[in-house]
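Peer 1: Each protein sequence line maps, in turn, to chains C and H.
Per this note's numbering: the first sequence ends with 530, consecutive numbering throughout.
Per this note's numbering: the second sequence ends with 382, consecutive numbering throughout.
By construction, these hints were calculated from the structure, which means they are not laboratory data.
All C-beta atoms in this analysis are idealised placements derived from N, C-alpha and C, irrespective of residue type, glycine included.
The reader is advised that the hints may include incorrect statements.
Said to hold, decoys possible - Between beta-carbon pairs, the in silico distance windows are: (1) H:Gly98 x C:Gln398: 46 to 52 Å; (2) C:Gln398 x H:Thr66: 55 to 61 Å; (3) C:Gly504 x H:Gly291: 45 to 51 Å; (4) H:Leu62 x C:Thr390: 49 to 55 Å; (5) H:Val331 x C:Pro409: 57 to 63 Å; (6) C:Ile392 x H:Val132: 35 to 41 Å; (7) H:Lys333 x C:Arg371: 42 to 48 Å.
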Amino acid sequence: MATKDVITKVWIEEGCIVCDACETTAPDVFEVTEDSCLIRPAAMSADFTKPRTDDIVDAAEECPVDVIQFETVSEEVADAPAVESPASGSPAAEATSEVSASPAADVKAAAPAKAAAPAKAAAPKVAAPKVSVAGAPDPAIQALLRAATARGGAAGVLQSDEGSPAVKAWDKTSSADLPPDAKQSKVMSSAKKVEEGLSRRGLLAGSAMGIGWLSLGATTAISGVAFQRFMMPNVLEEPDPKVRVGPAEVYASMLPGEVNEDFKPQGFWLIRTDDGISALNIICTHLGCIPNWLANDRKFKCPCHGSGFYSDGINFEGPAPRPLERFKIVLIDGNILVDRSKKFQYEKGEWENPDSYITV
Amino acid sequence: MSDLTIINSAMLGEGAIEGIKHVINVMCEPHWFFIISCIGLAVFLIGYRRFTKPSFAIFTLIAFTVFYAVSALDSDFWSIIKKADNVPITIMMYTLGFCLWLGFRQAAINDQNMEEGKPLLEAGSDDKVLVWPDLVYAELIALLLCTVFLIVWAVVLRAPLEQPADPSVAPNPAKAPWYFLGLQELLVYFDPWIAGVLLPGFIVLGLIAIPYIDRNPRGNGYYTFKERKFAISMFMVGFVILWVVLIVFGTFLRGPNWNFYGPYEYWDMHRPAALQNINFSEIFWVRWMGQGMPTEDVAGLPYYIFRELPGIVVLAVYFFIVPFFLRVTVFKKLGDQLGFVRYQLMCQLFLWLVLVPIKMALRWTINFKYIVAITELFLNV
Chain C
171 MATKDVITKV WIEEGCIVCD ACETTAPDVF EVTEDSCLIR PAAMSADFTK PRTDDIVDAA
231 EECPVDVIQF ETVSEEVADA PAVESPASGS PAAEATSEVS ASPAADVKAA APAKAAAPAK
291 AAAPKVAAPK VSVAGAPDPA IQALLRAATA RGGAAGVLQS DEGSPAVKAW DKTSSADLPP
351 DAKQSKVMSS AKKVEEGLSR RGLLAGSAMG IGWLSLGATT AISGVAFQRF MMPNVLEEPD
411 PKVRVGPAEV YASMLPGEVN EDFKPQGFWL IRTDDGISAL NIICTHLGCI PNWLANDRKF
471 KCPCHGSGFY SDGINFEGPA PRPLERFKIV LIDGNILVDR SKKFQYEKGE WENPDSYITV
Chain H
2 MSDLTIINSA MLGEGAIEGI KHVINVMCEP HWFFIISCIG LAVFLIGYRR FTKPSFAIFT
62 LIAFTVFYAV SALDSDFWSI IKKADNVPIT IMMYTLGFCL WLGFRQAAIN DQNMEEGKPL
122 LEAGSDDKVL VWPDLVYAEL IALLLCTVFL IVWAVVLRAP LEQPADPSVA PNPAKAPWYF
182 LGLQELLVYF DPWIAGVLLP GFIVLGLIAI PYIDRNPRGN GYYTFKERKF AISMFMVGFV
242 ILWVVLIVFG TFLRGPNWNF YGPYEYWDMH RPAALQNINF SEIFWVRWMG QGMPTEDVAG
302 LPYYIFRELP GIVVLAVYFF IVPFFLRVTV FKKLGDQLGF VRYQLMCQLF LWLVLVPIKM
362 ALRWTINFKY IVAITELFLN V
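I would like the entire structure built from these sequences, with the hints used as guidance.
Peer 2: Structural data, given as structure tokens:
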């Protein structure tokens, strides 16, 4: 018979940085919440903490800010210690082994070691999933790393081999079982009391929420209606689509293939085709840039993406999918009138329309 | 040495420099520029352990800087890089090179360590810091430095103000902001709907989808290339080649009329360059079938659908048959890992990624325009 120090009481001082290390090491004792770490209600009793002495000592050692405190008493123990194996019995301990199903080969490898725990429970750091980190002997850093592993971090994966069974098993696990956070939260939630029914506070909070959403919706709707008003301006400046360009003889005297650029600011070129005059829209049919007429190359060339058109508006290079569009053009008493409100598209066969050209 | 020999040798030197400039101009033509970039990336990815050694990286840095500085002596090159709009590109080439080196250097060390059974660079490191004061202070300092840098930049290099906008005149060349020049370059090869909406949409959706498609835990939290060759290579092709290289190309090598101009070439507005583009439907009906383009409706199909049927079939095969072919050949292992839905999603994104350079290459080689060109419905692919 030997004596051993066992823990009868464990508590947490102020200054916890919520690193999860203690919960990873001893999940049935510690519960790390959003802003602090708590001792689980079950772990308030000495009977509960005594068999978990090793875990708690480990956790206290690993705590980066050393806030885990405990009281110990000496007790006689059998040679084969009656320490409860962390891998057997309590649901929280089961959760630990589930956590070790995370994609860490070493964690997996640690499982058999854990099963052998009763035989050598005195051996240090047997209970926690073991991630060997060379060059980091500080238990605090080890614990942080382990915590990261338990939460699905990569530290464990670092050690794994190409296509190791653990990684493959992890691949096959259904998504419901992943990530390990889900496991942790399951353990946590089982320790919490669930409030049933609708409390007064719940009712108040619910109605406040409802009012909030309603007013948000109402505000959005009203401002939406107000915004609609801007879609209908008081004054809309629309220049007359009809442009008088002067006597037909001027344009009829151009050589076939020649382009008159005088009305480019009005949005069209007047071109002389083999047997007539047409008004070409200056908007490129690719993406709406304004091409330039290159008189030397006898082509329209768009400066944005390099589309090229012959002098009659037919596309031949670059990405433009179709020829430039023609505007309606009519002859009135020897004068030419271009109507920009009516367009004629070549690919639809509309250039055959007599309104799209003037025969000379 | 007589005067004549001096003049001769000077002319020889001059000629040699002109020759080198000419070679570089030719190497910068779209297809060569693209091919050389791809080969460069492939060589880098294959030999990343060697090329990321500090000595080699410093050599590359010095060599590139010397090349750049000497090139700046050329007035045409200098006139391009000195433009206030183009300064970010010079900065980008250096910063991107540094970031690529940094990432692949750590990957190379980690991969080496893994083979030798040594701990990884990241092992034992604790990347958690306290928000207050550590993180907030660091961010504040970074914020101040960035502000200072931007103010100095804005003061030294003035934003180019141009003449008042005129709806009937477009600047020549009309260039998008530098970060969109890659997209603008794609617009040269694709319909606006594809290059302007669909492809950027795929970029955004594809990046969002990565965590759902790629569930391989390797490489999480540590640098590696060996364990994630396919994923990292694909990303590098998409980012470095199809985004960054196209930006550099669009900035430095696209001149008036969106024509190609070599880095040491004068931007001559009137340089002739004519290409007769041709749609797949025309190649099929006119060249292969030896008949005119269909203009009559056939069996209830509108004539334009019938006309473009060959292209539609090609695209259907490409997007619906090829994935299954790849599944049993090159993507056998990957397909097993991903499962059907993930594999199909991955494969569609992959095929779009590959379609872009295919289409560009077709334009460069055979002046190929559109695979499907239903201009009647504004639908061109």
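Peer 1: Please go over all the hints and tell whether each is borne out by the structure.
Peer 2: Right, here's what the structure says about each hint:
1. H:Gly98 x C:Gln398: 46 to 52 Å: holds (51 Å)
2. C:Gln398 x H:Thr66: 55 to 61 Å: Between glutamine 398 of chain C and threonine 66 of chain H, where Cβ atoms are some 57 Å apart, the hint holds.
3. C:Gly504 x H:Gly291: 45 to 51 Å: With a Cβ separation near 48 Å, glycine 504 of chain C and glycine 291 of chain H satisfy 45 to 51 Å, so the hint holds.
4. H:Leu62 x C:Thr390: 49 to 55 Å: Because 54 Å falls inside the window, the suggested range holds.
5. H:Val331 x C:Pro409: 57 to 63 Å: For valine 331 of chain H and proline 409 of chain C the Cβ distance comes to about 59 Å; the hint holds.
6. C:Ile392 x H:Val132: 35 to 41 Å: holds (39 Å)
7. H:Lys333 x C:Arg371: 42 to 48 Å: violated (59 Å)
The structure fails hint 7 only (numbered hints given earlier).
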